[in-house]
Structure formats: structure tokens, C-alpha cells
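Keeping the supplied structure of chain A fixed, place chain V upon it in accordance with the hints.
Chains A and V are the protein sequences, given in the same order. Everything in the first sequence is counted per the working numbering, starting at 3 for the first residue and increasing by one. Everything in the second sequence is counted per the working numbering, starting at 3 for the first residue and increasing by one.
One should not assume that every hint holds.
One copy or two, either will do: identical chains are not told apart, so a pair holds if it fits within one copy or between any two.
[Stated by the list, open to error] Using 30 Å as the maximum straight-line C-alpha spacing, the simulated DSSO-like pairs for lysine-lysine come out as follows: (1) Lys522 <-> Lys296; (2) Lys110 <-> Lys173; (3) Lys471 <-> Lys399; (4) Lys258 <-> Lys134; (5) Lys273 <-> Lys145; (6) Lys399 <-> Lys522.
Hints were generated in silico from the structure; no laboratory data involved.
Protein chains: 2
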Amino acid sequence: MLRIALAQSNYHVGNLDFNKKIILDKIHQSINQNIDLLVFSELAICGYPPLDLLNYHHFIESCNQALAVIAVECKNISVIIGAPTMNPDINGKNLFNSAVLLQNGEIKAIRNKSLLPTYDIFDEYRWFEQNKSYQCVDVNGVKIALTICEDLWNIDADPLYTNWPMNELVKESPALMVNIAASPFDFNHEDERKNILRKNVSNYHLPLVYVNQVGANTDFVFDGGSLAMNADGSIVKELDYFKEDFLVVEFDETKKEFNKLETVVYPTPSKISKINNALVLGIKDYFGKSGFQKAIVGLSGGIDSAVVLALAANALGSENVHAVLMPSEFSSQHSIDDALSLVEKLKCTHEIISIADIFNRYEMALHDSFKGTSFNVAEENIQSRIRGNILMALSNKFGYILLNTSNKSELAVGYGTLYGDMCGGLSVIGDLYKTEVYQLANYINSNEEIIPFNTIQKAPSAELRPNQKDSDSLPEYDLLDAILFEYVENALGANAIIDKLQNAETVNRIIKMVNANEWKRNQFAPIIRVSSKSFGRGRRIPIVAKYN
Amino acid sequence: MLRIALAQSNYHVGNLDFNKKIILDKIHQSINQNIDLLVFSELAICGYPPLDLLNYHHFIESCNQALAVIAVECKNISVIIGAPTMNPDINGKNLFNSAVLLQNGEIKAIRNKSLLPTYDIFDEYRWFEQNKSYQCVDVNGVKIALTICEDLWNIDADPLYTNWPMNELVKESPALMVNIAASPFDFNHEDERKNILRKNVSNYHLPLVYVNQVGANTDFVFDGGSLAMNADGSIVKELDYFKEDFLVVEFDETKKEFNKLETVVYPTPSKISKINNALVLGIKDYFGKSGFQKAIVGLSGGIDSAVVLALAANALGSENVHAVLMPSEFSSQHSIDDALSLVEKLKCTHEIISIADIFNRYEMALHDSFKGTSFNVAEENIQSRIRGNILMALSNKFGYILLNTSNKSELAVGYGTLYGDMCGGLSVIGDLYKTEVYQLANYINSNEEIIPFNTIQKAPSAELRPNQKDSDSLPEYDLLDAILFEYVENALGANAIIDKLQNAETVNRIIKMVNANEWKRNQFAPIIRVSSKSFGRGRRIPIVAKYN
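Bound conformation, chain A alone (with noise of 0.2 Å):
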């Protein structure tokens, strides 16, 4: 019998000291709960992604260390470890993505990924070099097949690799397959991991310790779920999702199988309950990681920036959100009243700053050089970015974090101001699309009236100029988010697109807007990322380039 503990942790990346910390609590724990083997995530050291750190010589030094003041901990336990490890061979890059096996105080077996995702956010062979030699590991004299991520994923109709790291280790007739994971969030990875680690326990007739990362660094969130899988494909036990987690499953090397006591499974909730927790955890450790508390937030009365406050709230704490509001000429009375009543549901401190005598003085500084020109979206994006002003002032007097407030289908179109409302550190709803805006206002509002229903009911408007619409510039925001989904997350071409959805002309339209506001969309903050596809880094599209 076999006694694991799965450490299902949030790491800082970067943080070496924060992560050592949390690591040598969990081994402690473990040996005080007569653990045998405890398995952290992929590159669980310096956190992932680690990204260009990589590339500094003394931040590797410094994992080392790490592993080695860790490895002497290790006594009477076997602990399986992600770090970066130095390649010995002078041939190829310097670096492997390891699986560190520590015992008796001392690092006893270095295993390497073979599978280095290089797609979407993914950039592995950028700083790792494939391996290419297979072995496994022993604990207590049970054989372990140990992979890292990826190394599980190649077994699709598709693969994408031309190798398959288990088909060489099941050729040493292991018990057991240990496989530790960095595996980020979407709204469907969940079932898409669940499918792929299944495929694995019935290709290879093996049960599975499976350890994946949980937490956010800044874009990339990762969910946990965790879990001990059997051969048959049940889940013995699954670690929670959104949270630290740690468990503990036995292990019986005779029959090949985790005892079944005790089994823990969660339902899997719906895609929008998902995208709200991802939403949440991802604002609190962008907020949390880089040691800020408070956030401020522009107000328009609109869905998109109230659905941002209440996300933020739930983050943070209401006592740290500032809502500010900063109505024009155009603004109407619902909008006010709208986010006042946000503003009073959700306890936010708030303050309302006029932006109409600023945006007069623009007018007039600009008087001559505008002179016979008519009021265009030039005079519209100088009150975006009056308020962009405003909040940044805000931010910098003292030191909020200005939450942005985009959505996908406004930046997929570039239907927003860059330096204006397209402000902020980070963008909380830039992979989800309006329609997914409203979806997760009403579950927000699933128990009360959080978001005003008017907000929920009334037709979206920037308000930049007298009885804007945004149905003026574009189409309903089903079709337009049937055709930017099909584009972007599906990457389908113009004909194709034509060919499932109709509207020819519409859809020649908006891939045109799509493709000519790259410049906009390179300039914007890192957004929490929620879809298998979402602008910024899992999306590089050269920006003059000429195709459509």
C-alpha cells in the first residue's frame, strides 16, 4: 500500500521563497501523515508560466537551490517535484522541464517532458529541450510511469507530435501512471482533461496520480482539479476546483488500483459558473501577487463595467473597489441612475467627476485645428480618453489598480478607444464576448437583483455622442458573435464563415474590422483568459500584414 498526497497548489511565479514555503509546509504535513509519496505540479519551483526568467542564468542557480534546500527535507518520504533542471548534453537547449524525484534527502531521479506545447499561450521549446530517453521511477518498490502535462495530450485523430512518451514507459510494466500538470483554464478544459486523462488509464491499463497547478498569473488561470483516477476511468478522488487542495489516496501496487474509500467527486458546474470563479480568482491574484488591495473601476451604467464591479467586489472586497463615474454631455439619467444603484447594492465607495467642461476645453484647444471638420469619432474617443485620464489620475494619486471593462466582441471589432476606455492593468471580460457579458450579469444575479435590470434590458450604448447605439456601428450581437467565434476561436476563413452563418456581407465586414485593428488589440493589458482562444498572447497576428 502505497499512501500518496496529492499538494494541489497556488504559486507565485518568480516568487522562489513564497513557492519554497509553501512547498516544505506541504512536505512536513505529509510526513507528519505518514505520506509515502507527495506530488506537486509541473514546474511548481518558480511557478508557471516562468516565461524569459528562464532565460537568466542566476534564476535557474536560484530553483536550484530551491530544489536542493527542499530536497534535504525529504526524509522517510518520496516527493515528486516540477522544476527547471540544466540539460547535461552541451547539444540542444540548456534547459529541460523536469519532474524531480527527491528520497533520502537527496535528488534521486530527474525525468523530463518529452511533449513541449508550442501553440495558443503555450512557448515550451522556447526555453526547454525535448527528451528523448524513457524511465521510469521507483517508490517504495512501485514503478511509476512519471510524465509531465503534455507528454499525456499526443492522442488525438490529429496528433501533434511524432512521439508517445507512455508508449515507451509501459514497455517497464509500471502500476501506476503520475503525471504533474501546469494545465490552464478554459470553459471547456475541464471535460476535454477528464476525456484525455481517460484515454490514457484505458490505452495503457494503468491508473493515474494526476497534480495539476491552481491560481492565476496574470492571464492564465489554472482551475486544479486534481485527481486519482483508476484504469476503469472512475475518479477516486478529485481536488476542488478555483482553491488549494490537498489529499490524500491509497494505494494498492497488488491489484493495480486506488482504494475506493472516501471517494470525492465534484459535479461540474455550468460554463458560466466556471467563468465567474475563473474571473474572481483571477482578479484576486493579479491584485494579490503583485501587492495591490484596491481597485478602481469607470462606471458607464452599462452591462459590461457594472458586470466588471461586481466581479471585482466578490475578488476583493467591496471596501476595495472605487467606482467612478464620469458622465458627459451625452450621458443620460438612466445611465447615472443605473450605476448609483449598482453602486448602493454592492457598498462600493464611489464619486462622480464631470467630464464635460474638460472635454469643452479639448474643443477649444483644438478649436483652429479642427476648424471645418464635423464632430466625428475623433471628438468621441477625446472623452474616452478624458475618462482614461481620470482614472489613471485616480490610480496614480493613490494606488488603485484600474480594472478594465472591454469585452471580447468590442475588442474583437475594435469598437473601443485605445488610451481611453481601452485604460487599465488588466482586462477582467476580454475573452468573453457580449453575449456571455449578459449571461454571466444574470448569473450574478441569480440569487438577487445585483446588476440592475435596467442595465440587463437596455440597448448598449457608448454614449459618446447624442443617441448613440451600438446597433448604429454593428450587427446584433448574436450574429456578430456567431461570426467572431467562428473567426477567431475556430479560425475559419471568410467562405466558410459565409457558408455556416449567411450574412455575406456582414461577415466580409467584420473579419475587416477583425484584421484591421490588430495595432489597437497589441497595445492592450493582459486579459484573464477564459476561452480555448482568446486575444493577446495566444493570439499573433502580425499588425501590417494585408489578407483576409
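Using the frame of chain A, we list chain V on its own:
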């Protein structure tokens, strides 16, 4: 005798019709000149770098169609051209980065890139499968070892890859190496490139035809410098730098060398002259390829905006560059005078818009909010953001692109205002340390005083509070830039830098400032890259990380 033409062209990423026309013109010209083999650069069909356009299936289909149309024209000539092609194997990534040999109106052979640069600004493993099979190609009975860019670069003391394509190809005893490339400029790159190519001809005792791309695509600048080199390392013909070029060489297959009649070789220019040329080309192509003519620049009287204005006037013509002076109550008379004398010298249009009154209105609007606080960085930033708003308003109204004027030193330490002086569609000097900006100003003044001597001689100041100087907040630029170079370009840690430069307290302070400002740089414009390590795409540091 094989008559070989080297076509060094300026492709527009994604603009397949534009690229196809360039390619067909060169093919027809070559047929008229009785060329046996015409060589284009890497990914010439789609331009380099296509980035995630490669993830769009219809984009690959369009590339295939363009290639098919081009192939038909290749009668009585052999053509080698770079294109993305489909991987016929179901396993592995779906694409190869290929060199395609066209003969007799069809695709005769496809050779794929083995070594996929995935570091710094490169992400090739994101899209392409690594080639692992090797075979020379035949052109009129001459056996050619055909490789793609990085395939020749694995010959340093610490090899980045574990395979050497030329080691395989020489087994077939080829007579000639052909390498097609898209090798971006940095100010050391020409020397480095020639060294690498010389090592190859020397190692393999073979002459080489090397064809590189020229032109800029957003942040990437390609300097050309294609060449034919004999096995003794001598350059027989070199194509021009920073411009399109087309040259013919005669290859004697019996002697395995190029005929040395009419040698063309260029003297190596100074570092700063290369940088000047790269920046001018970078501006020119950014505008040309995005379909814009006119630039707007905020002119402060300081050296950064002066240099940007001079470069823009050079790239776009003075008549297409508009300067805006935006004095505040803190602006000195010499700033206005220096700015005006530059505008007069360059014959740009200009206007003066005071920000004092607008700033005053912001102070009034924020009066209650700021009560009890003193004038600090918040008020400084408001002024900078007013200027950003005015420049963007003019840009939106009249269709200018705003050129950003931040330098690398201030970007590094965060000495700039996000959404203020950090505004702009393109960063012109964001990869030049302040000390290099001075060198460039002097270079621009080589023949006559264009940038006023006073601008060069006075102490730098942001002029956002009374009597402000850069040196109030920052060490002298010589020391600052030396520290930054060690940290950014050389990736040294604090201790190693202190060993080299002393000044422990300053070094630690500066590194902390660099680390604390990732979030600002993350929202910055694309930077024309001229060094081996530019901020932006080539340096990816996590935002909420903690490290030192």
C-alpha cells in the same frame, strides 16, 4: 556553368497578390536573362513572419494556390522559393517551413526546415514540424544542398539543436549550398551572419548562395545582404543593404566555385549608420504596408522627439510629417525655440497647442478627489496624457499615424507615462538606449546641423514639474545604459552586474525598476528592433511575477 540569380525582395506579410507579382516579375526577368536557377528568400510567398495567419487553413490554401500559379510560369528555368507546405504525415504539426524547387512548370521537390528558431523574436516551432529527412536537389545536373536559414546556424560552441542538416546533406557530395533566409537585422547581425556563413563554407568545403529577405514588417527589419560566397570564404557578389536587389552569379560546377568577374562587395558601415538605415526603412514600410502616408509627432524640444522627427522626415518626406508642440506652464522657452528651429530646418508642418488650460480644468475636476495631497507623479502624468489625447485626436481626425518617441532607457525603467508619452502606433527609437539616441542625433547632423546643437547639449528633462531633470530620478545615462545592457541584452543577474560595474545600490535599484514596469511595456507599441534584445516580442517576462 550554372547562371544563378539572387532575388532579394521586400514582401508584404499576408499580401499574396502583392508578393506573387514581385515573384512573377523576377521569374520573367530571369527567363529573359537566360538564368538557370533563380532563388527567392524564405517564406517569400507569404512574407516573413506570417505568425498565426499560418493557423488559418484558408491562408495555407491561398499560399498553395499562389505557388501553383507561380510554378506554371517556371518553364526553362529552375526556381527555389520559400513557402509553407502541408506535412503529409498525420503525426506532428500540420505544416513545414519549406524551400520549394519549381521546374518544368511544376513543383519538382520540397525540402523542409529542420532547425526551427524558437527564441527571442522567433516562434517557428509554434507552427512548423521539424524536418528529419535529408536529400539534395538537382538543378541541370548540379547537386545542391538546399537548406533554410537556421539550418546553417547550429555551429556554435554551445549548439542549440541536436542535429546538423548539412552533416547529412554532404553525404551526397553536393557541389553547392543554397540557403534561403529571413534573417532579421540587428546592429551586430551582419558580422555574425557572415561569420556563420564562412564557418559553413569552410566546414563543408562548399560554395554558398544565400538569399535573405529585405524590408520591414512592423517590428522586424530585414537588411538583405544576400550573397554568393566561395568555399574559401570570399564573397563574390553581395546584394545591397536595406533595399531590394537582384544579381546574377555564374557557378562553375566543375571547379565548384563562382566566377569572380565583376565582384560586388560593400564596405561594412558603422553601427549607427546601420541603425539609422534600419529605422528609416522600418518607418517607411510600416506606413507603406499599412496604407498610411502621414505621420504626427509630439515635439518637446528634447532629443528623443527631435531624432524621431528627423527619421520620419527622411522616411516619409518632410511634407508627410506633422509636428505638434504642446507647451505647458512647466515648458521652458528653449524647448519651444529648439523645437521650432528643428521644424524649420526639416520643413515639416507644425502647430502649437497649449495644454495649460486643459490641465487646469483637470485640476479643477479632481480638486475634491485630490484634496490634501501634494503635486506628484499623478499630476505629471495628467499632462503627459493630455498630450497623448491631443495627438491621438489629430491622428483620428486627419488620418495620421502617431510615432512614439520613447527610448529604450526610459522604457526599461518605466520613466514614461502609459497612455501619455507612451502613446503611438509605432515606436521608432524604443530599441535605442539614450546614449545611442545621442549618437544617432550626431550621425544625423554629420553634414549639417539638423537637430539643434542646443537640443543635444542641454540636460534632458520631462518638464512635467518646475526645474525637473532626468537626473533627479535616474543615474547618469552612461551608467544607466551600461546597467541596462547587462541586464537586458546579456541577461546577467544583479550580482554579476555589480561585479562588472560596481554601484551596487544603483544596480539593485535599476533592476527593481525594470522588473516593476513589465505591465507598462506590455501595453506599448511595437518597437522597430535594431538590437539583439529589444523589448516586446523578443522579451517575455511575466507581469505579476516577483523576482530580483
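For each hint, the structure was consulted:
1. Taking the closest pair of Cα atoms, Lys522 and Lys296 come within 30 Å of each other both inside a single copy (27 Å) and across two copies (18 Å).
2. In this assembly of identical chains, Lys110 and Lys173 lie within 30 Å of each other by CA distance solely inside one copy; the values are 21 Å within and 42 Å between copies.
3. In the homo-oligomer, the alpha carbons of Lys471 and Lys399 lie at most 30 Å apart only across protomers (21 Å), although the nearest pairing inside one protomer, at 34 Å, exceeds that limit.
4. For the identical chains of this complex, Lys258 and Lys134 are intra-copy neighbours only, at 27 Å inside a copy versus 39 Å across copies, given an alpha-carbon limit of 30 Å.
5. For the identical chains of this complex, Lys273 and Lys145 are neighbours neither inside a copy (38 Å) nor across copies (59 Å), given an alpha-carbon limit of 30 Å.
6. With identical chains, the CA atoms of Lys399 and Lys522 are at most 30 Å apart both within one copy (27 Å) and between copies (17 Å).
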